[in-house]
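Peer 1: Assemble the complex: chain C is given as a structure, and chain F must be docked to it using the hints.
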Amino acid sequence: MNLVDLSGNLLFTAFIAYLVGTILFGGAVKGSKNEASASNKRWGRLGIIVTIIGFLAHLGYFITRWMASGHAPVSNMFEFTTAFGMLLVGAAILFYFLYQSPLVGLFALPIAIVILGYAAMFPRDIQPLIPALQSYWLTIHVITAALGEAILAISAVAGLIYLLKNIDMTKKSKERAWLEFFMYTIVLVLGFIVITVGFRAAGYEAAFDYVDKNGAQAEVVYHMPALFGMNEYSPKTEGTMQPLAEMPAIINAKTLTTFTWSIIAGTILYFLIRLITRRRIAELVKPLAVKANSQLMDEIGYRSVLIGFPVFTLGALIFAMIWAHEAWSRFWGWDPKEVWALITWLFYAAYLHLRLSRGWEGRKSAWLAVVGFAIIMFNLVAVNLVIAGLHSYA
Amino acid sequence: MSSIKCECGHLNPEGTDICQNCGRPLSTEEKSKKLADMRYDGAAIRSKTHKRTVVDKIWNFFSSVKIGVSIIIAILVASAIGTILPQVFYIPGGGANEAQTARYYEDNYGIFGQIYNALGLSDLYGSWWFMTLVGMLGISLVVVSLDRGIPLYKSLKNQRIDRHPSFLKRQRLYGEGQVDDPDAVMKKAAEKLKSQRYNIREKNGAMLAEKGRWARWGPYVNHLGLILFLFGVMLRALPGFYVDESMWIREGETLAVKGAPGLYLENKGFTFDVYTQENTDEVFSEAIDRVGSVASNYQTDVALYETPEGELPGSTNADLVKEYSIVVNKPLKHEGFHIFQMDFKLDELSAMTFALENKETGESLGELTVNLDDPQKEYDLGNGAKVELLDYYPDFSGFEDGEPQTATPVPNNPAFLFKMITPEAPDGETSFVAIRQTLEPLGENTYKLAFQKADTRDVSGLTIRKDKTIPVIVLGGVIFMIGVVQGSYFNHRRFWIRKSDDGKIQVAGHTSKNWVALQRELDAVTEYAGLPAYTDQRDKEEQTDKPEGDSNS
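So the sequences go chain by chain: C and F.
Heads up: the first sequence begins at 1 in UniProt numbering, then just goes up one per residue.
Heads up: the second sequence begins at 1 in UniProt numbering, then just goes up one per residue.
Only chain C is shown next, with the shape it has when bound in the complex (with noise of 0.2 angstroms):
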């Protein structure tokens, strides 16, 4: 077995390791009638070593990919969104040696596991690296960043625990509706990870001659059926789906109907769930969470605030701006991913400056971190994919 192939078995034993720890610590918060009882100490002691494993797994994967390509695995949206994952995960079990609580793993462990499948949808294959990119100073700044952003994550799980708990599921309210988006939303990224997969598998392609933006041909292949055409699109393939509509050149309308598809599947999953549990999802959730201590989950969103708002500072920031310095001749430069990085770091100063002299804490504080997260998924996801700017690299 080469090290590619060992790389990736690695990465496939640690996402199972993350599916059995998550039943485990579902077992520790079921299992007891409160934080602190016996049966959770046992079930979350199996819990936490399931995951330690996994992320041993996955660090493994990190090095030995490391290894086989000799750069460090975050040159791509692959890459980058695998370690993010595994430093979610390292963080949670950061969290749960700080705390004790099983309730930040059983949460922590299903995002990290969609974020991985997420990443998995992305080509995977080891690509070089182009001269933009040939810095130690790569390495540096997306882990440090991306560190700062899985410990800034667990305050959205420790947030999104809060108000699974007390936000009151019976009352039709505007906080019961957010919580449910929110929902919604992972929904959706599992609908882009069905739709893809599903695609793949019946190995479905459809080619198109387009002029782009600079009013040149090029070449596109579609793995969906196109629901919009580039630019003066001409089909290449026999027998595909005609578009159903043709977009200007500034769209990409192959990410229009890859993002289109993933809707229509997430939203026909999600109304598959409410239909067959007559649940919302939130609702779903919550028995999960109602052991949970508020103040306890108030603390904890807090301080890993704390604890990642200067890990993300170094390395979104200060990294950042000593390799633009490096690499594009200026420190900074308004490039949509640095001022998305600006525009986080401003959110969580203000969420602190709440905090410490408005009393913004518990529903208040937990709302705020789970939209925190939504930045910087916001920055992950649509900034490379959408935004055109210096980092579009995937």
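One or more of the hints may lead you astray.
As the list claims (entries may be wrong) - If you want a taste of the chain F side facing chain C, the calculated C-beta under 10 angstroms gives, among others: (1) 90; (2) 110; (3) 113; (4) 246; (5) 298; (6) 463; (7) 480.
Unchecked claim - Simulated crosslink set (DSS-like; lysine-lysine; CA at most 30 angstroms straight-line): (8) F:268 - F:453; (9) F:345 - C:213; (10) F:169 - C:364.
Said to hold, decoys possible - Just the calculated beta-carbon pair ranges, DEER-fashion: (11) C:234 - F:437: 27 to 35 angstroms; (12) C:174 - F:295: 46 to 54 angstroms; (13) F:277 - C:9: 23 to 31 angstroms; (14) C:63 - F:295: 23 to 31 angstroms; (15) F:119 - C:287: 45 to 53 angstroms; (16) C:239 - F:437: 40 to 48 angstroms; (17) C:250 - F:335: 38 to 46 angstroms; (18) C:219 - F:259: 37 to 45 angstroms; (19) C:378 - F:231: 29 to 37 angstroms; (20) C:219 - F:248: 25 to 33 angstroms; (21) F:106 - C:20: 50 to 58 angstroms; (22) C:219 - F:451: 26 to 34 angstroms; (23) F:66 - C:174: 41 to 49 angstroms; (24) C:20 - F:103: 53 to 61 angstroms.
Source of the hints: derived by calculation from the structure; they are not laboratory data.
Predicted model only: the values in this text are computed from it and were never measured.
Beta carbons: idealized from backbone N, C-alpha and C, even for Gly.
Peer 2: Coordinates of chain F only, in the frame set by chain C:
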């Protein structure tokens, strides 16, 4: 300024919430609370005490955290809007030409782009209002740090050891009870707290254990760092602090470095490499198959020259400083100047070779090579054949009023007006030669200039930067990081323990954050020393939300 006299006799400045001497609540608001508001240890902050003059009002505006957070949110939202469409400096032409910019946004993004550009959102980060927002944030940082930092510092520096029982009672962690031997309990508690690295002070049967007070200065240190950082950015506007130029330099050319008087750069060759199956490791083969060619290197080999000190400007006498290969991520550095590999053009025309041919027989009278950098007036082919170059259009863009035009001085599309003097036509025949186009403006010719070959070379796009503000910015960044780590990773923890004559012991604890850890420490002390049990007075399942705007800060 009026002052408030506490029951203990201490005179506190107006606006004080908690007596700075004994710790009794003073303000009615503070008295109504179950728990003491320990944010600034109850000290009076300037913005609460001075409310009369215009200066006070401005001061109070900027010292408000509510305003500070509003400014942060405004910058955040504005920044996000600026990423919807590319900013002017990322579009072709860089926004130098207003009409061209407007056309770009209209052509590419339709009516939305037109509005976006018209509203100035296409150059949002350079707009006066965005800079004003950042400036306001800077002022807010200064004011808020002075407003809160100084009272907090004084209050913590002068804190009394034996606080009033009511102060202890109003702490979040609090316990009281009878013990058999209060002195022994206090002694053991002090012992344990010392082992937890607390700094212990005792007075009149009361004890104050404190550690990590310096963590409280973290926010003020990081604000100072940010102020320095913003100051550094502002310095750029001063002349001489900031050089930002770019230049194109052809292979073989030696040019003065823009923005760096006395420096010359010679381009010894540009290299552009791609990854192929042959030159890379096997692990990459799948990716190369999928993506096709991937760039692996952009490199300009240069020699840097400098005119010696005291030489007259314009002198061509220059010494070699160094030879260097500029690649992406590895700029050439010299005397504060950084020269970066930023762009390139492959295969720019450098010379064109033509043959003077008889159109009917195809017989050639010889060849001439026009060096596009240095076109000659006349090319003598011998045997009475000669070609005169009447005019040269490096970037031919068509005719205007019958005259050939050139768009730029760059040889993207060279065109020539030749006069061919041959034995057959000693007066000369005029021919206009462009790429894939020959015109005979003055009638039918016997001869033509047939294109033979073209020589090309690469052109490197280099950026020259000098930024004297970097040290200030780096210092600001370092101080910010120190402050943010100081404030985030360290906690200020305090315990007050007090015995009364009747054998009762009171214990209270406060921390700036991380209450779980504080409780763990107090648990250990309680067990070791036999302190009365304590409770967290903030009910565990209480909704901690306060209605908006109730704590005025």
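Peer 1: Just pull the numbers of the violated hints for me, sorted ascending.
Peer 2: Violated hint (a single one): 23; every other hint is consistent with the structure.
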